[in-house]
Structures are given as C-alpha cells and as structure tokens.
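Enquirer: Here is how the chains run, residue by residue.
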Amino acid sequence: MRLLRRFLARLANFATGRQKDQRLREEVEEHLAMQTAENLRAGMTPSEARRQAVLKFGAREAIREDYHAEQGLPVLENLMQDLRFALRQLSKSPGFAITTVLTLALGIGALTTVATWTNAVLYNPWPHVDTPRQLRFIDATVLGNNGYSVHYDQYRFLRESGRSWKDAAAFELTSIDLAEPGAQPEAVTAGVVSPNYFQFLGITPQKGRFFQLNADDRAYGANDEIVLSDALWRGHFNASPSIVGRVISISGHPFTVIGVAPADFAGIYGGIAEAAWTPLSGLHDLSADSAPDPLLHYGLQVAVRLRPGVSSETAAAEVHALARAFAMRHPDGNLAHWDLNLRDAAHFQRGLFGMVGQQLPVLFGASILLMLLVCINIASLLSQHAARRRREIAIRASLGASPARIAAQVLTETGLLAVAGSLAGWAASIGMARALYVLLPHFGFPLVFNLHGDVRMFFFIAAIALAVTLACGIYPVRQSLRISQKEALHEGGAAVTRGASNKHGRRILLGFQLGICFVVLVCCGLLTRTALNIVNRSTGFDRNNCLTAMLSLSRSGYTEQRGLALQVALLDRLRTTPGVASATLTSHLPMGEYGSGNTRGISIPGYVPAKDEDMAVTTDFEGPDFFHVMGIAMRQGREFDLRDNASSAMVVVINESMAHRYWPKGGAIGSSVIFDKQPRRIVGIVGDYAYSDPANTDPSPLLFVPLAQHYTSDVFVALRSRTTPSAITAQLRKVVTGLDSSLPLEEVRTLEEVTSERYQMSRIPAELLGVYAISSVLVAMLGLYAVMAYSVIERYREFALRMALGSTRAAIFRLVLSGSGWTAAVGLVTGGLGSILAVRLLRSMLFGVALFDPASYCAAAALLLVTVFLCGLAPARRAASVEPMEALRTE
Amino acid sequence: MRKKTDVRQGTLGLMVLKTLDVLGPLHGYGVARRIEQISGDLLAVNQGTLYPVLLKLEQEGAIASEWGASENNRRARFYRLTRAGHKLLDAETLDWEKTTAIIARFFAVRAEDLS
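Residue numbers (my numbering), protein chains in the order written: chain A, 1 to 891; chain B, 1 to 115.
Don't read these hints as lab results, they were simulated from the structure. Small disclaimer: the values here were computed from a predicted structure and weren't measured. We put the beta carbon where it would ideally sit given N, CA and C, even for glycine. Incorrect hints may have been included.
Claimed, not checked - Derived Cβ-Cβ restraints for the label pairs, each shown as a range: (1) B/D95 - A/F14: 52 to 60 Å; (2) A/L399 - B/T100: 42 to 50 Å; (3) A/F14 - B/A91: 23 to 31 Å.
The task is simple: from the sequences and hints, build the whole structure.
Expert: Okay, here's the thing in structure tokens:
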C-alpha cells in the first residue's frame with residue numbers, strides 16, 4: 001500500500017514533470033542559514049560558521065541527485081532522456097534516419113503482408129466462425145485426380161459414422177437468379193448448404209433465424225427458404241427491416257427469406273463471397289428442369305469440425321477408412337473407387353485458399369531472406385553511424401557514462417528506428433495485403449479475404465521490432481563499447497589504414513547480403529522461366545479471336561424440349577450472322593473453370609478392365625463443329641455435325657489419350673463405348689489439348705458426346721469472328737434477344753480472357769518473387785553503396801598518401817573497385833551455396849526447367865556483378881579525385 | 001551499496017517519525033538537530049541526507065508538509081505526522097522492539113545455556 005502510494009506519487013511527478021527543485025533549494029538554504037546562526041552563537045567567525053554548516057550538510061549535489069531519484073522514476077527518466085537524445089541525433093542526420101526507416105518498412109511490410117495472408121487462409125480465415133482452426137475439409141480423389149467434390153451419400157455416411165469429428169456440414173456454390181417482379185433478373189453467387197451449416201459454423205443470425213436442423217434434405221421444395229448475406233440485404237433490399245418473412249422469386253420459384261447472416265460473413269468457400277444460402281432441399285427449385293432427385297448427381301463440399309484433442313492425422317486416416325467402407329457397401333456404384341482426403345483450409349483445392357496456401361512457404365522464405373538483408377543493411381548503417389560518432393561516445397565514456405548507459409543509448413536509437421520502421425511497414429502492409437484481390441484470378445466470382453489485422457498481428461509485429469532492435473543493435477553496441485574503452489579521443493594520431501579486421505568483417509557481411517540477393521534472383525529466374533514455359537507451351541487449341549458467353553437455360557425456365565430447340569435455333573441464326581466465321585456450343589470451354597471434370601462411368605465391349613480399374617472418363621458435351629471452331633486437330637474420322645441429332649445414330653468422339661489407353665493396338669474408330677447404358681459409335685479421334693491446366697503434361701482420356709444427343713442446359717456459345725471478337729459481341733446479344741428477350745447472356749468474354757486466368761495462376765509465383773528480387777537488389781545496392789561510400793571517406797588519407805607517393809588516379813580507381821570485386825566474389829560463393837539449398841524448396845513449382853538451370857544462375861550472377869560494379873563506380877571515382885595536398889593538410 | 005543505504009534510510013525514517021511524534025510539527029533543520037542531539041556523535045550522518053528521506057515519507061503519505069514561519073521568523077517548511085504516519089510509527093516501533101528483543105536474547109545467550 002505504501003509502496004503503491006509512493007510509486008503513484010513518483011509516477012505523477014514523472015508524468016506532470018513537476019520539479020521540486022525550487023522547494024529543495026529553499027529548504028537547503030533555510031537549513032544552512034539556521035545552522036550558520038547556530039554556529040555563530042557558538043562563537044565562530046561568520047565565514048567559518050557558514051563553511052562548517054555547509055560541511056555538515058554534506059555533498060549538496062549528491063543529495064540533490066538522491067532527492068530527484070526519490071522524486072521521479074529514474075529508469076523512465078533515463079529512457080526519456082535517451083529517446084530525446086536519439087530523436088535529436090536522428091534529426092541531425094535525416095538521410096540516415098529516412099533510409100533506415102524505409103528499408104525496415106520494406107522488410108517488415110513484406111513479412112507482415114505474408115503473415116496477413118497466412119492468417120487469412122490458415123489461422124483466422126472466417127472471423128465470424130467459431131474456432132475455424134478446428135475445421136477441416138474433405139475432397140475426393142478420382143482416377144488419381146485430386147480436388148473432386150463429394151457425393152451427397154458419402155457426406156451422409158461421413159456425418160453419421162465419423163468419430164473424429166463432432167459434426168459435418170455440406171455446402172456448394174451455385175448461381176441463382178434474383179428476380180424482383182418487373183425487374184431484370186440479377187445473377188448472384190449463393191451457397192446451397194446442409195441445414196446445419198450455420199449452427200455447425202457457430203454463427204448466429206443478425207435477423208430472423210437459420211434453417212431448421214435435421215430437415216430432410218431430400219424433401220425437395222418442403223423448405224424453400226433463403227438466408228441473405230448482410231451485403232445482399234443492404235445492397236439489394238435497402239436493409240429493409242421487414243425482410244424476414246418476405247417471399248422472393250429465385251429462378252422463378254418463391255423462396256421465403258428467413259434470416260440475415262451477420263455482417264462480413266460470406267461463407268467458407270475459400271475466398272469466394274456468397275450472397276445468400278438455401279438448404280439442400282431447395283436445390284430442386286433453383287432450376288426449371290431439375291431431375292426428380294438432384295442430389296443424386298450433385299457434387300458437394302464437405303467440412304468437418306474435429307473433436308478437441310483429435311489430430312489431423314487420426315482424422316485423415318478415418319476419412320480414408322470411411323471412404324473404403326462406403327465403397328464396400330456400394331460396390332457397383334460410380335463412387336466405388338473414390339478416395340476421400342482431409343484438408344485444411346490452405347490445402348483445400350476448392351476456392352482460392354489453396355492457391356494462396358501453395359505460395360505461402362516460398363513467400364515466407366523470400367520474406368525472411370529480405371528481412372535478413374534489411375537487418376544486415378541496418379546493422380551496417382548503424383555501425384557506421386556509431387563509428388562517425390566515436391568522438392562523442394569516447395567523451396561520454398570519459399565523463400563517466402557506464403557501459404550499460406552507452407549500450408542503452410545505442411539500443412534506444414535502434415529501437416526507435418525499429419518501431420518507426422515497424423509502424424511504417426505495418427501501414428504499408430495493409431495496402432499490400434489487398435494486392436491479393438488483384439493478383440488472384442477470380443473466375444468471375446466476388447472475392448473476400450479476412451485481411452484485418454488482429455491482436456496476434458500486433459504481437460507478431462512487436463516481436464519483429466524487438467528482434468530487429470536486438471539483431472541490428474548488437475553490432476553497433478559492441479562497436480560503441482569498444483570505442484568507449486579505447487582511446488578514441490586522439491583520432492589525429494590514428495593509423496593511416498584503420499581497422500583491417502573491421503574491414504574484413506564488413507566485407508563478409510556485404511558478401512553475405514549479396515549472397516541472399518543471389519538466392520532470391522535465382523529463384524525468381526527459375527519461376528520466370530517456368531511461367532514462360534507454360535505460356536509458350538502449345539495448348540492444342542486456338543485461344544485467339546474467339547468470343548464466348550454462357551446461357552443458363554434451366555435457371556431461365558427452359559425445359560429440355562424447349563432448351564434443345566433454342567440451342568438449335570441459336571446456332572442456326574449465328575451461322576448466318578455477318579462477321580461470324582463459325583459458331584458452336586459446348587458444356588465446357590477448354591481451360592475454362594465452369595463445367596470441367598465431369599466424369600461418367602463407361603464400359604467398352606471387348607476391353608476387360610484390370611482389377612480395381614475405375615471405368616470412368618471425363619466427359620464433355622459438344623455442339624456441331626466444336627473441334628473445328630476451337631482449332632483442335634482431328635487425328636482420324638470426322639467431327640460432330642448437324643446430322644448428329646436425337647433421332648440419328650448415337651456417336652462419340654474421343655481424344656488420343658483415350659484411344660491409346662483403351663485401344664493400344666488401334667482400331668478405335670468404329671468401335672463403341674457404352675455410356676448411359678447406350679452403346680455409342682466412335683466416329684472420330686482428336687488430338688490432346690490442354691483441358692484445364694496448361695502445365696499438365698499427362699493428358700487424361702476425354703470423351704465427347706454431341707449436345708443434341710445428350711441435353712445440357714448450361715452451355716457456352718463459342719464464336720469465331722471474321723475480324724475481332726469485340727466486333728461480333730453486339731450481334732450475339734441481338735441474336736439471343738431475338739430468340740428470347742428475357743434470357744440473360746452471362747460471362748461474355750473472349751476465349752483468351754477465359755484461359756488467361758489459368759495462366760495467371762502460373763504467373764503468380766514469378767510475379768511475387770519478382771517483387772522480392774527487385775526489393776532485395778535495391779536494399780543490397782543501398783547497403784553496398786553506403787558502405788563503399790563511407791569506407792572511401794574513411795580511407796581518404798590513405799588515398800591521398802598513396803597518391804602523394806606516386807600512385808595514379810587510375811590505380812586508386814582500380815583499388816576501390818577491386819575491393820568491391822572481392823565482396824562480389826564472397827557474394828557469389830555464399831549465394832551459390834545458399835541457392836543449392838533454396839531451390840529444392842521450389843522443385844514442385846517448376847515446369848520444364850532444371851533445378852540448376854544454367855541460364856537462371858548466369859543471369860543472376862551477371863545481374864549481381866553489374867549491381868556491384870554500379871555501386872562501386874561513384875565511390876571509386878570519388879576516391880580517384882582525392883586532392884592529396886588538401887586531404888593531408890586537413891588533418 | 002544500495003542495500004546499505006536502504007537500511008540506513010529505513011532507520012533514519014523511523015527516527016524522523018519518532019521525532020515528529022514527540023516534538024510535533026518541525027522543519028528539516030529542527031529534525032536534523034534533534035536526531036543529532038539524541039544520537040550524539042554516534043550517528044555520523046550528513047544532515048542533507050535527511051531531505052530525500054523526508055520526501056520519501058511524504059510520498060508514502062506518512063508525513064505532510066507546508067510552508068510556515070520559523071522561530072526567528074524565517075520562511076521554513078514544516079513537517080508533521082499524518083494519521084497514516086502515526087499508524088506507521090506504531091507498527092514500526094513494534095517491529096523494532098520485536099527485532100531488538102530477539103537480537104538481545106541472542107546476545108544474552110551464553111555457551112553453557114545451550115548445552
């Protein structure tokens with residue numbers, strides 16, 4: 001209690017800066033006067049009386065110090081003093097301060113950005129969701145291909161039988177038409193979810209309620225309800241307070257709004273924002289021509305919430321085991337050879353988290369290297385700063401400053417820079433983190449990531465600032481202490497060439513910096529070559545000059561009969577439209593996202609599948625002339641044409657991979673494939689083309705079926721233009737409106753735009769690492785230049801002396817440049833060794849380029865040498881321009 | 001070094017409290033003289049060291065101070081015991097007596113008493 005009171009009084013004095021100096025002085029004066037009077041009475045002379053009084057009182061300054069120490073908080077006061085001093089010092093050399101803070105901001109900004117992204121995909125992706133780290137996702141592997149969605153029956157089985165998880169929920173993205181009476185329908189991205197979805201995630205509605213738990217998912221139409229996102233409620237319904245209970249029209253069916261999700265909740269589909277949610281049982285009424293049991297052919301995403309204490313490995317093993325158990329129960333079904341995998345958010349292939357998650361290790365590596373580079377730079381700048389102040393430090397030491405005080409002073413200055421750099425870096429990272437929205441392909445979906453910092457982020461940055469202070473401060477502290485111990489005051493008598501060991505230390509440090517640069521440059525080179533290889537790789541189809549658009553016929557109320565008629569009529573009209581060279585329809589555009597990867601079970605007469613061989617192939621549905629319009633090579637036979645319709649013989653086309661797989665000896669043409677229980681004759685074989693991933697070197701078998709013989713309601717129109725794609729956009733719209741004025745034309749894009757999203761993904765690593773490479777080179781250049789320039793100033797007298805002794809300017813110039821040559825050599829050696837280790841991390845990200853690609857290494861080395869040369873040029877010229885007489889006279 | 005000062009300051013503080021208790025409000029010089037008189041030459045303390053102790057006690061709330069006029073009509077700062085100070089003094093006195101009693105007992109013990 002007393003201690004607290006005393007501390008509070010001290011704190012108050014410290015905070016108000018109140019000084020009781022005046023009071024003490026008066027009291028002391030009074031005290032001395034009384035003692036003097038007493039002494040006088042005792043018979044002393046006036047001067048002796050005063051002298052004795054002062055003696056008896058004691059060392060007045062020491063007492064004043066004690067008094068002050070008692071009054072305030074000495075530790076804080078010293079700190080404040082150091083801070084003020086550091087601020088003064090830094091404001092005296094603003095160039096140094098600004099350079100240091102900006103360099104630090106760059107390093108910390110990069111690291112914080114990557115940490116923000118990690119947080120956004122791995123640790124706290126959904127701020128509204130209860131303990132998102134317990135969530136895991138399940139996807140399927142079919143025929144060795146990952147990332148497939150899970151069947152509804154599998155989901156039920158997992159939910160009912162799983163022991164590692166508390167509960168499971170299913171969800172999938174869909175697009176729904178929101179139609180207000182009399183208004184043009186608006187397509188929004190929505191989630192079709194199991195009824196327990198919101199409770200599973202631990203989310204409570206901000207208005208109304210969520211779906212009834214345990215409603216029968218197959219009681220189609222019984223619960224045609226919809227939950228709106230906050231964004232949709234505000235944007236589309238003007239935040240109407242009476243929204244709950246309102247009936248709105250979704251794809252022509254009445255759905256009742258039962259609630260509004262909390263603000264900022266946009267689903268858990270890895271970065272893709274959902275605007276509304278309907279239960280699985282609403283699936284039937286979301287389109288006009290739904291099958292009687294839509295869940296029979298509907299892929300779902302499945303999330304599970306692990307029980308506390310259950311490890312991912314245990315749960316993953318159970319998922320595999322359950323997948324096998326499910327297959328045993330349904331040996332004849334399509335799902336017999338499906339395997340299921342457990343993923344965390346950053347490895348889940350659906351959505352964009354996986355895409356970001358893939359880059360994170362490399363980005364973290366690059367950020368840490370950059371940070372290391374920055375720290376070395378700052379340490380060397382600070383030690384120079386300290387060296388420049390050797391006289392001042394020596395004076396402080398000789399005046400009695402303890403080593404601890406000097407170290408505290410240097411560390412305070414470093415800490416101040418670190419805090420300023422961290423704040424600047426943090427501020428920058430808020431902007432830099434948003435680059436995610438620009439970098440990532442969005443496939444036409446609205447994106448949302450949790451890029452808000454939280455307490456963890458604050459501690460992360462504080463920890464970095466502390467680490468930087470210690471890491472960068474230790475070198476200059478050591479140096480300052482050494483200065484303070486040495487006789488630094490008589491500098492004039494110092495040796496002509498000072499501190500050879502210091503010079504070597506600095507050179508190694510610089511070399512190390514260049515080595516880090518080299519590693520980043522090599523990685524960037526390899527990834528750039530990878531991206532170029534992928535872009536330049538032949539796709540097997542023609543990406544140029546092709547216009548595409550999507551029609552969702554079932555959502556617009558078309559039944560199969562009417563839809564088929566519309567497709568035929570549409571192609572008929574488009575063929576004769578001026579400017580259109582050729583036109584076709586397809587269920588999936590090459591390298592497009594939508595409609596890809598649908599597998600169908602097949603059987604082939606005469607082909608005996610091996611044990612455990614899954615007879616399923618990826619199947620697309622194509623209109624007449626598809627291969628001609630796409631520029632896909634016909635290897636044998638013919639392509640689909642107008643003769644292939646519902647009343648003619650059933651036909652299919654296959655790709656070369658399928659022909660090789662099932663007819664290794666040839667003779668595929670004329671053979672038949674049984675699909676949908678109907679035998680269909682193979683009439684053509686086409687060349688393999690890039691189906692989805694342009695970097696895939698192992699093409700899968702593909703089966704193509706005429707659209708006219710297998711109705712598909714969601715189709716793409718693809719047109720070759722005689723001139724440019726944009727020239728026929730208006731014509732396409734006119735033709736579609738002419739057939740049905742209420743039919744919306746979606747995603748009108750060129751094939752180049754559609755496919756560029758795939759290339760964008762392969763470019764991301766190279767682009768990101770390019771940013772790091774540029775930053776690293778800049779930081780290294782800065783450090784190199786600063787050190788070289790300073791060492792030239794330091795060696796002024798040496799150069800003057802050399803010149804006075806007959807050295808030529810060219811020789812001095814060479815001397816300085818050869819010094820940087822040595823640094824470069826150290827850099828190349830350390831960088832070479834470092835990159836041997838580092839590139840191994842990249843192995844899985846490379847395509848068509850060797851791990852030790854000579855071109856990348858040579859380019860990195862050349863760039864580094866040029867950098868070193870450029871940085872050395874100006875200091876070398878300066879050294880060569882020394883006027884010997886002037887330089888020697890100034891001493 | 002530090003420890004030693006603390007102990008001395010503590011003792012000095014107790015002396016200050018007792019002095020103010022006995023003599024009532026007093027200025028710094030008066031306290032110093034009084035301590036000197038009582039301890040004689042045994043306590044070789046500089047008078048000035050008293051002032052940090054006075055400040056410490058004041059910040060702890062044991063004493064309060066205000067400006068007043070001294071005997072010979074000079075302006076002086078008078079210190080007086082607060083209620084908390086009285087309590088503190090009582091507690092410290094008890095403490096001190098206990099400590100001295102224990103120490104005294106130790107000194108009184110002779111070798112044959114322990115056998």
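Enquirer: Taking the hints in turn, state whether each one holds.
Expert: Going down the list of hints, with the structure as the test:
1. The hint said 52 to 60 Å for the Cβ distance between B/D95 and A/F14, and at roughly 31 Å that hint is violated.
2. For the hinted restraint 42 to 50 Å between A/L399 and B/T100, the CB-CB distance of approximately 46 Å keeps it satisfied.
3. For the pair A/F14 and B/A91, the supplied restraint of 23 to 31 Å holds, since their beta-carbon distance comes to about 29 Å.
The structure does not agree with numbered hint 1 stated previously, though it agrees with all others.
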